[in-house]
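Peer 1: Listed below are the residues making up each chain.
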Amino acid sequence: METLENKYTYKDFASDQEVRWCPGCDDYVILRAMQNALPQVGIKKENVVFISGIGCSSRFPYYMDTYGMHGIHGRAPAIASGVKLANPELSVWVITGDGDAMAIGGNHFIHVLRRNLDMNIVLFNNEIYGLTKGQFSPTSLVGQRTKSSPYGNTQPPFLPGELAIGAQARFYARVGGNTPKEMTQVFIEAAKFKGTSLIEVLQNCVIFNDGAFAKYTDKKVRADKQLFVEHGKPMIFGKERNKGLVLNGLKLEVVTLGEEGIKESDLLIHNAKLEDPTLHQMLIRMEYPLVTGIIRRFPDVTFEERVDDLTRKVRADSKFTKTDDLFFSGETYEVE
Amino acid sequence: MSYFIRYSKDIFNKLKKGIEKGILYYQNYNQNVMSIAKIKKSEKALEAVVVRFAGDSGDGMQLTGSQFSDTSAMFGNDVATFPNYPSEIRAPQGSLYGVSGFQVHIGSVEISTPGDNVDLLVAMNPAGLKTNLHAVKPGYGIIVDTDSFTKKNLEKAHYESNPLEDGSLDEYQVIEVSMTSLTKEALKDVAGLDNKSITRTKNMFALGMVYWMYHRSREHTIDFFRTKFKSRPELIEANTKVLNAGYYYSETLELIPNAYTVAPAKMPSGTYRIIMGNTATAWGFLAAAEKSGLELFLGSYPITPASEILHELVKHKHFGVKALQAEDEIAGISSAIGASFAGDLAITTTSGPGLALKGEALGLAVMLELPLVVVDVQRGGPSTGLPTKTEQSDLLQAMFGRNGESPVIVIAASTPANCYDYAYAASKLALEHMTPVILLTDGYIANGSAPWKIQPVAEMPDITPRIIYGADSQWRSYDRDKDTLARDWAIPGTKGLEHRVGGLEKDQTTGEVSYDPENHQYMTDIRAEKIKRVQNEIPELQPRFAQKGDLLVVGWGGTFGTLYAAVKEMKQQGFEGIGLAHFNYINPLPKNTAEVLRNFKKIVVCELNSGQFASLLRMNFENIPFFQFNKVQGLPFGNVELTEKFKELLA
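Residue numbers (the working numbering), protein chains in the order written: chain A, 1 to 336; chain B, 1 to 651.
Derived from the structure by calculation, the hints contain no laboratory data.
Treat each hint with caution, since some may be false.
Label-pair restraints from in silico Cβ distances [unchecked claim]: (1) B:GLU505 to A:GLU334: 54 to 64 Å; (2) A:GLU334 to B:GLU47: 19 to 29 Å; (3) B:GLY293 to A:ARG312: 14 to 24 Å; (4) B:ASP462 to A:PRO156: 50 to 60 Å; (5) B:GLU537 to A:GLN168: 46 to 56 Å; (6) A:ARG306 to B:SER231: 25 to 35 Å; (7) A:PHE328 to B:GLU595: 37 to 47 Å; (8) B:GLY293 to A:SER318: 16 to 26 Å.
Since we're looking at a predicted model, the values are computed, not measured.
Glycine included, C-beta positions come from ideal geometry on N, C-alpha and C.
Here chain A stands alone, though its shape is the one from the complex (with noise of 0.2 Å):
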């Protein structure tokens, strides 16, 4: 990939048309964090795709001055994986929501991190669809109400970071909506990761969902309640930075530094390249704290490498070079 350092600002990145989101919308931050990581990332930005599916989220390739395409729901990746396919040298970006890439999209979301190609997902999770007003979406909570569940969701919930691991996701990072700074940090990550990466964002819809995270995201209890985990670094958390997490058997616990002998190099050292994803899945599925930041990351074939390799070795054995090669071999006879 073609790379140019510290050319851009944001605003190379912003096209010039208005952003009609709802005031106070989570999407503000996840576009602006992104239009300040670009520039970081060093790419061209005439190399910059972005690729969405339906929903609101799905409006932010037009807010990007960049190449970009506004997709059908739910089929971005395969959208993406073309165009990736038709030239590796493009950073390429799907930016999708919890019902375009579970629900609709689930397919598509299922196979493309499993392919590995090297491009970023952008999960915008508000746990509700709002682009339709106001449906329960495959994160909502059982028992949400919603307008097509007025007296409470009856589907259980997934989570986005263990469908995917399941799915063999190399990468998967959780930042909260409203943490600008370590989303900025995360796309840049991303970005520069060799393979599929995807980035949920907990992203709060003000209309239909609002506080759906407030518990974890909200600035008086984050620092307690939120764990952003950096890779080879101790599993610290809390306003005190005091808790920590340490693994008890075959669980993850919570525990105080000082209380019972407990010293930070008892804490677990977050390693996120792992290939065994199985603490990788721990981390995503505790609800206190939650663990947000970079959670896997693990370095692997990218499906273009493979691609690649198999071309070079086909090209080497082939006797074809040009297509008329292919149509005069083999068995031919002549009319006079």
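Keeping the supplied structure of chain A fixed, place chain B upon it in accordance with the hints.
Peer 2: Chain B alone, transformed into the frame defined by chain A:
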């Protein structure tokens, strides 16, 4: 050798002695006493012969048939083939629905169909006989493997008595051969073969017999064994031995009723090969990619009868072909749309049910105005329908099967070989007009094969994709060519042309999202007009046999061969004033369509559906009356049913 017993040694010796180059024997079985006539090749050369091989789906009938057709083509015959196989991969042995057939029509004259009536049926078991007997002309030949006519197999084929014994085959010339035993006998000295491998070669015994009857060389097939079984020399030996055994069996024994030759056909000079429709389709795309200077991207999901296009294209990584077997039909077309956005010649291949799934994405491609080719190899429908049988019932789906007003170019190939031309034409139209194109073929031509006069890429028309590499600051993504109305193709990676496209309606000037009512009307009209103007690029309709007259036979797509043969026969029978107008361009229709239609008193639209093209024609030409001839049986038209209908209309 028990099979000698039935005829005198004298006749046998006469036969043997007379086998010389250029001299053929015609043995007449119609009398009980066999007479042998010595005839010259030119006198007894047949114009055309139809041979059908029928057996269990595991009997290797497809292979046997294709070997016979390939060999005949190399001999210089024109050929047409038609495989007919069950959708079960290995249906229960001996069952009626497990019968697999392969028909070959070879001729010294132009062959346009795999043939109606069978001159020689090779039936490997009772079920193969039962399901195919109706096609054999009375008085003509049937070869049966008597070893397979066991009580069990007769029951499975629902025979109450053995047709070889009950006289029900009296009007045919039945050649009874203990094929399984003879095969075993031939292989008794070959080491390293299990029983299964031995019985699996008996199809080659049948092929050997047919080769001798039609004076075909075994060389091509023996070469084929050498390549196919490269790592298993015992199989090369076994297959060759059995092929030879069948050949000599025919040659030395007096069991053969009709030994004919079919002389080479008169075809335009050049280098030929036998090609299957689906392969020709794949190759058309390869040629278009090379000619346009683009890389070829295929996004596809396996589906009968289109999968061979995927199978063919995945082989050609050396040409830079990118083929993605996607997770479903929708991902197949969606990935192709992505690849098209990024500058590849992008295609997706499917059959009817898959086209239904692709409908929404195809609408996106219409809105984005990006080049895309969708191949629909039609099969029997609705729903899963008849996956391995042919039909033309996706026409209206191709025309209208999308939400909103979403016109696309629709074209149809009409022979196995011209699948190449129309795949190429589809690519050219898509790239030059910035629009999706649906290419319709069908199971009949996709699986059928015919000689193809190889068309080198250099001889194909130029393709000029509308890629732009830069523009001034005034450039907008929906700027259009004033003649074709096609927009520019600005691909990601091009500096200064960053823009957004999407499924929402676009403003006619800025290309940004627009909800303006007038703008939507304008864009709807211009998308339609863009397709209509393709009329300026496509060839005019050329009626065959007559330019005006009493009856115009109208067809489209894969029925060309059958319609052509039927109209030709009518002409030969002295019916003047009958013409054939066959359509390859469906949307838009050729410019001169009305003119051609108006030159005939009656028009009959013949289709393998309930009248879809007829409906389209009525929509376009309100004042012209159309008769219809329709068939929805999963089978191609038969010659007789067509000529009867034409005669009725001419009466």
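Peer 1: For every hint, state whether the structure bears it out.
Peer 2: Hint-by-hint comparison with the structure:
no.	hint	result
1	B:GLU505 to A:GLU334: 54 to 64 Å	holds (56 Å)
2	A:GLU334 to B:GLU47: 19 to 29 Å	holds (22 Å)
3	B:GLY293 to A:ARG312: 14 to 24 Å	holds (21 Å)
4	B:ASP462 to A:PRO156: 50 to 60 Å	holds (59 Å)
5	B:GLU537 to A:GLN168: 46 to 56 Å	holds (47 Å)
6	A:ARG306 to B:SER231: 25 to 35 Å	holds (27 Å)
7	A:PHE328 to B:GLU595: 37 to 47 Å	holds (41 Å)
8	B:GLY293 to A:SER318: 16 to 26 Å	holds (20 Å)
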